[in-house]
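2 protein chains.
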Amino acid sequence: MKTKRYAIGVDYGTNSCRALLVDVADGSELAMHVFPYPTGEAGIILDCRDPNLARQHPGDYIEGFLACVAAVVRQARKIRGFSPDQVVGIGIDTTGSTPLPVDAKGWPLAMTKRFAGNPAAQAWLWKDHTSHAEAAAITAHARKIGAPYLAKCGGVYSSEWFWSKIWHCLNTAPDVFHAAHAWVEACDFVPAYVTGKLSPASMPRSICAAGHKAMFATQWGGLPSEKFLRGLDPKLAALRGRLYDRAVPSDQVAGFLIEDVARRVGLPQGVPVAVGAFDAHHGAVGAGIRPGALVKIIGTSTCDMMVAPATAKGLDVSGICGLVPGSILPDMIGLEAGQSAVGDIFLWCANLLCPEGRSGGKAIACLTREAAALTPGASGLMALDWNNGNRTILVDPMLSGLLIGQTLHTTRGEIFRALVEATAFGARTIIQRFVESGVPVKEVVNCGGIAEKSPFLMHVYADVCNLPMRISRSSQTCALGAAIFGAVAGGSHRTVAAAQRAMTGTKALVYRPDRARARTYSELYAIYRDLHDAFGKTGQHPPLDDIMKRLIAIRTQARSG
Amino acid sequence: MKTKRYAIGVDYGTNSCRALLVDVADGSELAMHVFPYPTGEAGIILDCRDPNLARQHPGDYIEGFLACVAAVVRQARKIRGFSPDQVVGIGIDTTGSTPLPVDAKGWPLAMTKRFAGNPAAQAWLWKDHTSHAEAAAITAHARKIGAPYLAKCGGVYSSEWFWSKIWHCLNTAPDVFHAAHAWVEACDFVPAYVTGKLSPASMPRSICAAGHKAMFATQWGGLPSEKFLRGLDPKLAALRGRLYDRAVPSDQVAGFLIEDVARRVGLPQGVPVAVGAFDAHHGAVGAGIRPGALVKIIGTSTCDMMVAPATAKGLDVSGICGLVPGSILPDMIGLEAGQSAVGDIFLWCANLLCPEGRSGGKAIACLTREAAALTPGASGLMALDWNNGNRTILVDPMLSGLLIGQTLHTTRGEIFRALVEATAFGARTIIQRFVESGVPVKEVVNCGGIAEKSPFLMHVYADVCNLPMRISRSSQTCALGAAIFGAVAGGSHRTVAAAQRAMTGTKALVYRPDRARARTYSELYAIYRDLHDAFGKTGQHPPLDDIMKRLIAIRTQARSG
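So the sequences go chain by chain: A and B.
Numbered according to our numbering, the first sequence spans residues 1 to 561.
Numbered according to our numbering, the second sequence spans residues 1 to 561.
Quick caveat, the hints were computed from the structure, so don't treat them as lab data.
The beta carbon of each residue, even a glycine, is placed where N, CA and C say it ideally should be.
Any given hint might turn out to be false.
Which stretches of chain B does chain A cover? Using the computed rule of at least three CB atoms under 8 Å from a CB of chain A, they are [what the hints assert, rightly or not]:
(1) 334-346
(2) 378-390
(3) 394-405
(4) 431-441
(5) 533-540
Between beta-carbon pairs, the in silico distance windows are [what the hints assert, rightly or not]:
(6) 49/B with 529/A: 53 to 61 Å
(7) 541/B with 238/A: 28 to 36 Å
(8) 344/B with 538/A: 46 to 54 Å
(9) 549/A with 258/B: 24 to 32 Å
(10) 15/A with 546/B: 36 to 44 Å
(11) 533/B with 362/A: 39 to 47 Å
(12) 538/A with 509/B: 42 to 50 Å
(13) 155/A with 49/B: 52 to 60 Å
(14) 38/A with 344/B: 39 to 47 Å
(15) 141/A with 316/B: 54 to 62 Å
(16) 268/B with 549/A: 15 to 23 Å
Derived, one-sided and incomplete: chain B residues facing chain A with beta-carbon distance under 7 Å [stated by the list, open to error]:
(17) 79
(18) 170
(19) 543
(20) 545
(21) 549
My request is simple: use the sequences and hints to build the entire structure.
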C-alpha cells in the first residue's frame, strides 16, 4: 500500500481564516479549522465616522496561520496512519486587493511600536472604499494620456485596488506612507512570513494580485511606468522602484516552512509553500475550473471565473474585471468577472420584507418558500440587480436598483423571486459577454453556501441561463484550491490540471434547464436587456413604451398556462 | 330672529350610505347617520370565481334612505328649536357608473320574484370590471368609425361605465337583458323612488351620470346614435329608444317626497328632492369648488375635479375622464380627472413592508413617521404611481408600478416616502395638463380622510405641486354637497354658488410650499416625467441612460445639505 500524502490549504476570508487538510490522491478532507480574526468587529477595524473604512491587523494573519494549521495537524494526528511528515506542501490564498505597508525588512508597520493602532498602517481590506477619489483620478489620468493599463481590468480602476489605496494613504496619512519602504498584498505577505522571505526585494509576488489589481503586465514591462505614476504623484513614482518587477503563478514555490513556524504548527521544517493568490482564483481551481466551465462563486457578491488557452492571442473581453495570464491556472489566461451584489440583495430584501421578526437566513428561507411556489413570468415583475452598482459588464458603481411591474396585489414572494431572477439575468449577461468574445461557456460550476443551500436559486439559474448548473463537491473550494497548489508545490502532482482531475469534482445532482421555463425566461431576458441597456449604456435608447404591456402579456400567458 | 332652515344630503358610498342634516345658513352639521348596506360582503355582492364582479342590491339603497334620513331627523328633533318642517330640501349622490336594470314601471328587476338573487339583475357597482372586453370593443368601434363619443371622456371607454355593463349583461345574462325595459343609474333611481317618479319615460336623469359615463352630449343629440349602437349590437340600438334624451344638472328639482316615504322618515310630504349626481361631483361642490380651485378627493384612488366657465368654447383637456357642462356646477363645464390608486398604494406598501404585524392604518402611521423624518431627494429613490394603471393623463389601465434607485441600504421609510411622492408627482401631472389646456389652477382643496389625517402627505403635495394645499372644512364633503343641492331645490339659496359661499369653507391651516423643497422636487419631477413619458407614451423615447446618476447626484446634494 502506497503511503498517503496530504496537502494543506489556508484560505483567508473577510472575517476569519481556515485551514483544510486533504488527501492529495482524491481531495478528501481530513481536517478543517476556522480561526476568527480577533481584532476589530468580526475581524475588521472600522471607523464610525467613515463607513468606507475597513482595515485588518496583519498580526491576525500570522496568528491565524499558526492557529489553523496547528489545529488541522493536531486533528489529523488522531487519524490512524497520519504523520506530519506526510504533508507535502501548503497553499495560501487571501482576499484582495488587501495591501499593507512594510518596512525595509518587510515587517508590517502595523506591528511596529510607532504605528501600532494607526489605521493607515494596517492592511487595507479589499472592501475599504476610502480611496474612491484616487481611483477616479487614476482612471481619468490613464484615459487622458491614453495609457494602456486599464485594458486588462474593464477600463475602470477601482477604489478597492492597490494603487488607489496607497495613494490615499499618501494623501491622508503621509507619515505612514513615508515610513513604508514598500507595500505588499496579504496574499504575498503570508507565504513570505512563513517561509522567511519577508525582504521586499526578494519576496515572491503573485501574478494574480499584480495582474488583476496593480496594473502589472509583462507586455508593458511590469507595473505602470514611473512616468505614469509621476503624473499621479512623484512620490508614487519613487515607490515603484522599491516594489517588484516579477510576479508568478501559484504553481511556483514561494519558499519552505522555517523552523520557528514549523515547530509551532507541528510540521517538519522545510515543507514547500506555494506562491499565494486571491481566494476567488484558488476557489475556481478548487471547483475544477477548465476551459468551457464558468466557476461562479456566489456570496454577498459573485466572482465569475473562466480560463482561456494562452494561445488565445488578442483575447479581449470588454467589461470584465481582469484578464491575466497565469492568474488562475498557470498555463492559461485567467478571466475574472462578477456581480456587485447577489446574496447582499437577498439579505436586504429579506430584512425589508419579512414581517415576522425573522431575519437573515430564516427570513430568506421563508421568502424562498413563497417564491419557489410561483411560475416564471406569473408575477409580471422584472428587476435589475444593481443595488450595489454593476461590476460586469457595465463596470459602473453609480447604477442602482429597479423594480417594475408592481400592482396592488404584488406579494413579497413575487418581489423576492424577481430579485433572484434579476441576479440570474445578470449572470446570463456575463455568460453572453464571454461567449460573444470567443470564450465558450458549456456549463457552470457553482460554489458557496447559497448555491449549496438553495435548489430554488439553482433551478432559476439553470432555466434563465439555459445551461446545466453543477455544484462544487467541496464546500471549501477556496481552501481546496490552495491545497491543490500545496500538492503541486510538494510534487505530488506534476501539473495543476492533474491535481484538479484527482482532487476536485462536482456533486451528482445537476440542475438542468426546463425547456418551457427557459423559453419564458428568454422572453423575459429580452425585457431585462432593454432595461439594462436603457439605464446602463450611455447613448443607448431602446424603446420602453411597451415594456409594461409585454410584462403583462407574459403574466397573462403564465397565469393561464 | 329668523327661522332656521335645514337641508339633508344623502351620500351613497361603496359600502354604506349616510345622511347629513345641515343648517342652510352656514353649513353647520346638526346630525349624521351612517347605514352599512346589509347585502353581501360589506355591502357588495361578490363572486369567488370572478374577482371582477361587484354588484349591489338596490333594495339596500331604499332601506338606506329610509334608515339614514329617519335617523338624522330623529337626532335633530332632540335639538331645541328644530322642527321637521324646517327641512327645505334633500339632495342625493351615489357612486357611479352604477346602473341597474328596471321593468317598464321602473321597478328594479332585482326586486322582482323572477330575478331575486340573480347577480346580473342587481346594480352593477362602479368597480365591477367584468365588462372589460366590451369596453375595449366600444373604444375600438368608436375609433374605427370615427365617432366623436369618446372626445369627452379621455378617448377610452371604461369597463366601469354604463354601456359596457349593459352590453356585458346582454352577452352573459340575456334573460335579464331581455326582461329589462330600461337601465337607470343609482343616482337617478333613488331620487325617482322617493319622489314617485320611477317610470323610465319620465324619470329625471342626471347630466353628471349621462355625460360622464353614457356618452351623452347635446352636441350630438343625447346618447350615442342608434347607428353607432347597432354596430355594437342591434339589441343595444333597440334599447336606446327606451332610455332618455334629456339630462339635467342637480340644481333642478327631481320631484317631491311622496307621502309613504315622508311618513317613514319623519318629514312632511312634498319636500323637494334635487336631481342626483355622482359622489365626487357633489363632493367637489361641498368642498367649495370654483374656477381656479382644484378639488382633490383623496381615497383609495383620487378624483380631481375642476370647473371652467361655460363660455370656454372648444375647451379640450386631453387625457381626463370627462368634460361635461353642468355636471358639477349648473352653469359651468365640469371636468373630472383622477389617479387610479393613491390610498390603495399606501395600503399595499404598508401591508408589504410593515414587519411588526401591524396592518392598515397603524402600519401607515408607522411608515409615515419614518418617511416624514427624511428630506426630499435624500433616498435617491423615484417611483411611478401606476400600480393600478394610470387614469389621467395616460388613460391606460395596462401600466404598472416602478421603483428605481434602490441600494443595499434602502429602508422601508424611504420606499414609502417615494410612493407618496410618486402620487404627488401624478397629481402635479394632472395639474399641468389642466394649466396647459387653459384651465388655470391656483390652489388645491383636499378632501378625504388621508388629507385630513396626514400633514406629511399635504406638505409633500404642497412642495411637489408648488401650490397651497387647503383642506375642506367639512369632513363629509359629498353629503354636504348633496345638502347644498337640497338647499337650492328648497329655495333657500338662489344659486349653487351662493349656497357654496354660505355653506362651505376650508380649514384655517393651509399647507404652503417650502421654496427649497419645491426646488428639489422640480428637479425630481423632471426625472418622473422622463420615466412617465418613456414607459407611458407610445412612440416617446426620452433618454434614460443618466437617470440613475441624476438621482444619485440629487441624493448626494440632499445628504450634504
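Here is how each hint holds up against the structure:
1. 334-346: It holds: at least three residues are needed, and the region 334-346 of chain B offers 3 whose Cβ sits within less than 8 Å of chain A.
2. 378-390: holds (count 4)
3. 394-405: Coverage by chain A holds for the region 394-405 of chain B (8 residues, Cβ < 8 Å).
4. 431-441: This one is violated; 0 residues, fewer than the three required, reach chain A with a Cβ under 8 Å.
5. 533-540: holds (count 7)
6. 49/B with 529/A: 53 to 61 Å: The hint (53 to 61 Å, Cβ to Cβ) is violated, given that residue 49/B and residue 529/A are roughly 38 Å apart.
7. 541/B with 238/A: 28 to 36 Å: For residue 541/B and residue 238/A the Cβ distance comes to about 52 Å; the hint is violated.
8. 344/B with 538/A: 46 to 54 Å: At roughly 37 Å between Cβ atoms, residue 538/A and residue 344/B fall outside 46 to 54 Å, so the hint is violated.
9. 549/A with 258/B: 24 to 32 Å: violated, 52 Å
10. 15/A with 546/B: 36 to 44 Å: Because 37 Å falls inside the window, the suggested range holds.
11. 533/B with 362/A: 39 to 47 Å: The hinted range 39 to 47 Å holds for residue 533/B and residue 362/A, with Cβ atoms some 43 Å apart.
12. 538/A with 509/B: 42 to 50 Å: holds, 47 Å
13. 155/A with 49/B: 52 to 60 Å: For residue 155/A and residue 49/B the Cβ distance comes to about 57 Å; the hint holds.
14. 38/A with 344/B: 39 to 47 Å: violated, 53 Å
15. 141/A with 316/B: 54 to 62 Å: 58 Å Cβ-Cβ, so the 54 to 62 Å window holds.
16. 268/B with 549/A: 15 to 23 Å: At 58 Å between Cβs, range violated.
17. 79: Constraint on residue 79/B not satisfied, violated at 43 Å.
18. 170: Cβ of residue 170/B sits 25 Å from chain A, so the hint is violated.
19. 543: Holds: closest Cβ of chain A sits about 5 Å from residue 543/B, inside 7 Å.
20. 545: Nearest chain A Cβ about 5 Å off; hint holds.
21. 549: Result: holds, 5 Å to nearest chain A Cβ.
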